[in-house]
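Peer 1: Which chain is which? The protein sequence lines are A and B, in order.
Everything in the first sequence is counted per the numbering used here, starting at 1 for the first residue and increasing by one.
Everything in the second sequence is counted per the numbering used here, starting at 1 for the first residue and increasing by one.
Hints in this document: simulated from the structure, not taken from any laboratory.
One or more of the hints may lead you astray.
[Unchecked claim] Quick list of in silico lysine to any residue cross-link-like pairs, SDA-like style, CA-CA up to 20 Å:
no. : chain 1 : residue 1 : chain 2 : residue 2
1   : B       : K61       : A       : A37
2   : B       : K62       : A       : R32
3   : B       : K61       : A       : N36
4   : A       : K61       : B       : N36
5   : B       : K61       : A       : Q33
2 protein chains.
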Amino acid sequence: MTQDNTDRPRRTNNPQAMRGKILDVAADLFQRQGYNATSVQDVVRAAATTGGALHHHFPTKKALGLAVIAERVAPEVDETAIRPVATASSAAAGIRNVFNGVADTLERNRAVTGCPLNNLALELSLADADFREAVNSVFERWRIALSLRLHSDRPDMDVSRAHDLATLIVASYSGAMAMAKASQSAEPLRACAVQLETLMS
Amino acid sequence: MTQDNTDRPRRTNNPQAMRGKILDVAADLFQRQGYNATSVQDVVRAAATTGGALHHHFPTKKALGLAVIAERVAPEVDETAIRPVATASSAAAGIRNVFNGVADTLERNRAVTGCPLNNLALELSLADADFREAVNSVFERWRIALSLRLHSDRPDMDVSRAHDLATLIVASYSGAMAMAKASQSAEPLRACAVQLETLMS
Chain A
1 MTQDNTDRPR RTNNPQAMRG KILDVAADLF QRQGYNATSV QDVVRAAATT
51 GGALHHHFPT KKALGLAVIA ERVAPEVDET AIRPVATASS AAAGIRNVFN
101 GVADTLERNR AVTGCPLNNL ALELSLADAD FREAVNSVFE RWRIALSLRL
151 HSDRPDMDVS RAHDLATLIV ASYSGAMAMA KASQSAEPLR ACAVQLETLM
201 S
Chain B
1 MTQDNTDRPR RTNNPQAMRG KILDVAADLF QRQGYNATSV QDVVRAAATT
51 GGALHHHFPT KKALGLAVIA ERVAPEVDET AIRPVATASS AAAGIRNVFN
101 GVADTLERNR AVTGCPLNNL ALELSLADAD FREAVNSVFE RWRIALSLRL
151 HSDRPDMDVS RAHDLATLIV ASYSGAMAMA KASQSAEPLR ACAVQLETLM
201 S
């Protein structure tokens, strides 16, 4: 790796690594301070890159925002919420694990920044139809995965009940994260987990 | 009422009416476009007032934001969510009325701007401790009112169960509004209402 001693950001010969770094940095800034409050220049600085390099990968701030949803937020929802429910011994156990696992993480981090999907959903859904659809498709993917899992556990469950129950689970997770953010406490997630388990038993 | 023919905002002799108008306009702008995306100048323009008049009532943008939460958002939550549950024949009936009533309103308006409390909770909770506490106190007031109503319906209900169930109701309302905003559909609210009723019966 070459080094120079100027303040100019070092050139990298790995554009894909820089693209990934820009996405990481932008996802973090959008999550902590919001999309609108984050300037492209904030991203350039935090990624230690140049405006030209950022523009090469993401011609507009909106393109960067949509890529953050597709390549950072959606995979995070897959990993923290969809996969654990798919692989648990039952839907009920999976949901308990997801809610309490996120609560554990929040307590370890000692600061609740909230759910990235939720944060972007509320900030961007009215601003722009493309953002709205991108956010909605992540909510829908989660809702459908839950609904299928509920149905595979209990094939006798009415399809519309599985769908409504999946909606309640996604909604209560999303709202409990908003309450956790406002109270800086993971308690709303644990309270919802207990009640949802009652409903599924 | 005097009139002049210049473009300069008309002076008013009723400072309290102007204060109320500024709050109405600011609540509407914060709700539709967010607190950060709204400038003090946007509020001045939309209220047809002057920077001096706004500054007289609200020395800072933050003072205006806190007044919007205390004097516009909190009373709206009282009216749309707390009072209907307090006055219904049962907690279950009250909650069904609140969720379906909001769903009806969203369908009439044909655009879902989301829950003002939720929107501000996610945008401002990390930015500032005073905002966080103001938002949290509205969530808490709602949660406590629900918990008391559940308990008065069923005095045999364990206090911690009433508290957890109240948390699930507030969380699912808040999350269903986020999903409604992303999908521009009131269906998530109706689905949650059906499932919550099952849980309370």
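Peer 1: Next step is simple, just say for each hint if it's right about the structure.
Peer 2: Evaluated hints:
{"no.": "1", "hint": "B:K61 with A:A37", "in the structure": "holds, 15 Å"}
{"no.": "2", "hint": "B:K62 with A:R32", "in the structure": "holds, 19 Å"}
{"no.": "3", "hint": "B:K61 with A:N36", "in the structure": "holds, 17 Å"}
{"no.": "4", "hint": "A:K61 with B:N36", "in the structure": "holds, 17 Å"}
{"no.": "5", "hint": "B:K61 with A:Q33", "in the structure": "holds, 18 Å"}
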